[in-house]
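Trainee: The primary structure of each chain is shown beneath.
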Amino acid sequence: RKEVEQDPGPFNVPEGATVAFNCTYSNSASQSFFWYRQDCRKEPKLLMSVYSSGNEDGRFTAQLNRASQYISLLIRDSKLSDSATYLCVVNMWSSASKIIFGSGTRLSIRP
Amino acid sequence: DTGVSQNPRHKITKRGQNVTFRCDPISEHNRLYWYRQTLGQGPEFLTYFQNEAQLEKSRLLSDRFSAERPKGSFSTLEIQRTEQGDSAMYLCASSSEAQINSPLHFGNGTRLTVT
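Residue numbers (our numbering), protein chains in the order written: chain X, 1 to 111; chain Y, 1001 to 1115.
Be a bit skeptical, because a hint or two may be false.
[As the list claims (entries may be wrong)] DSSO-like mimics (lysine-lysine), calculated; alpha carbons at most 30 Å apart, straight line:
| # | chain 1 | residue 1 | chain 2 | residue 2 |
| --- | --- | --- | --- | --- |
| 1 | Y | 1011 | X | 42 |
| 2 | X | 98 | Y | 1071 |
| 3 | X | 2 | Y | 1057 |
| 4 | X | 2 | X | 98 |
| 5 | Y | 1071 | X | 2 |
| 6 | Y | 1014 | X | 79 |
| 7 | X | 79 | Y | 1071 |
| 8 | Y | 1011 | Y | 1071 |
| 9 | Y | 1011 | Y | 1057 |
| 10 | Y | 1071 | Y | 1057 |
| 11 | Y | 1071 | X | 45 |
| 12 | Y | 1014 | X | 98 |
| 13 | Y | 1011 | X | 98 |
| 14 | X | 45 | X | 79 |
| 15 | X | 45 | X | 2 |
| 16 | X | 2 | X | 42 |
| 17 | X | 79 | X | 42 |
| 18 | Y | 1057 | X | 98 |
| 19 | X | 98 | X | 45 |
| 20 | X | 45 | Y | 1011 |
| 21 | Y | 1057 | Y | 1014 |
| 22 | X | 98 | X | 42 |
[Unchecked claim] A few chain Y positions that, by computed beta-carbon distances, are all more than 10 Å from chain X:
| # | residue |
| --- | --- |
| 23 | 1044 |
| 24 | 1078 |
| 25 | 1111 |
No wet-lab data here; the hints were simulated from the structure.
In this text, a Cβ means the ideal position worked out from N, Cα and C, and glycines have one as well.
The following block holds chain X by itself, in its conformation from the complex (with noise of 0.2 Å):
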């Protein structure tokens, strides 16, 4: 089993929905998690940390359920720019190669 999972899609949905994926991580040790956005044949850019509490930055809402081992993000009113590969990261620190990457969930959003 993969230390983080994703769906790879791709998820493609009309552009104003509402979308949701998940990120599942197999280490209880994990301390902190993060969302990135890729676009195509560029770098990761950072989206949000995700708080334990649940936190949102605009359209963009993230949360994080310990007990199951997941992270998810949610996206409202979803734009043409949205468009993109979302990467979750996680991070054991106990290590650097503990900070760890999904393979990224595929997002295209349609006219």
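With chain X's structure known, arrange chain Y on it following the hints.
Mentor: Same frame as chain X, but now just chain Y:
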């Protein structure tokens, strides 16, 4: 621009040649990471520096790979005797030890093609 800078952006080389990439992290960041990413995969950890000390190396990093950060500022990643399987995007990231749960900030990567 005070972000992470990598060069070259692209490198095409013939199998068997040596290549070297450079990364300039965000100036106040003492942590520096190298990752490799292939199509459809997330970044895979290669190595980590805290200041000038190379503290961790992945098992992925064969003896053909070497990285340095001589003065705790910029870093170089060298691949000797390149193989076609080395073709990938090589990403550098930096973070600050001073910030709890500090996220990684990536450079725009060096795309290596080995022919």
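Trainee: Compare the structure with each hint and give your call.
Mentor: To see whether the hints hold, each was checked on the structure:
no.: 1; hint: 1011/Y <-> 42/X; result: 15 Å, holds
no.: 2; hint: 98/X <-> 1071/Y; result: 25 Å, holds
no.: 3; hint: 2/X <-> 1057/Y; result: 20 Å, holds
no.: 4; hint: 2/X <-> 98/X; result: 13 Å, holds
no.: 5; hint: 1071/Y <-> 2/X; result: 36 Å, violated
no.: 6; hint: 1014/Y <-> 79/X; result: 42 Å, violated
no.: 7; hint: 79/X <-> 1071/Y; result: 44 Å, violated
no.: 8; hint: 1011/Y <-> 1071/Y; result: 25 Å, holds
no.: 9; hint: 1011/Y <-> 1057/Y; result: 23 Å, holds
no.: 10; hint: 1071/Y <-> 1057/Y; result: 19 Å, holds
no.: 11; hint: 1071/Y <-> 45/X; result: 27 Å, holds
no.: 12; hint: 1014/Y <-> 98/X; result: 33 Å, violated
no.: 13; hint: 1011/Y <-> 98/X; result: 29 Å, holds
no.: 14; hint: 45/X <-> 79/X; result: 18 Å, holds
no.: 15; hint: 45/X <-> 2/X; result: 23 Å, holds
no.: 16; hint: 2/X <-> 42/X; result: 24 Å, holds
no.: 17; hint: 79/X <-> 42/X; result: 19 Å, holds
no.: 18; hint: 1057/Y <-> 98/X; result: 12 Å, holds
no.: 19; hint: 98/X <-> 45/X; result: 19 Å, holds
no.: 20; hint: 45/X <-> 1011/Y; result: 22 Å, holds
no.: 21; hint: 1057/Y <-> 1014/Y; result: 26 Å, holds
no.: 22; hint: 98/X <-> 42/X; result: 23 Å, holds
no.: 23; hint: 1044; result: 8 Å, violated
no.: 24; hint: 1078; result: 20 Å, holds
no.: 25; hint: 1111; result: 8 Å, violated
The earlier numbered hints that this structure contradicts are 5, 6, 7, 12, 23, 25.
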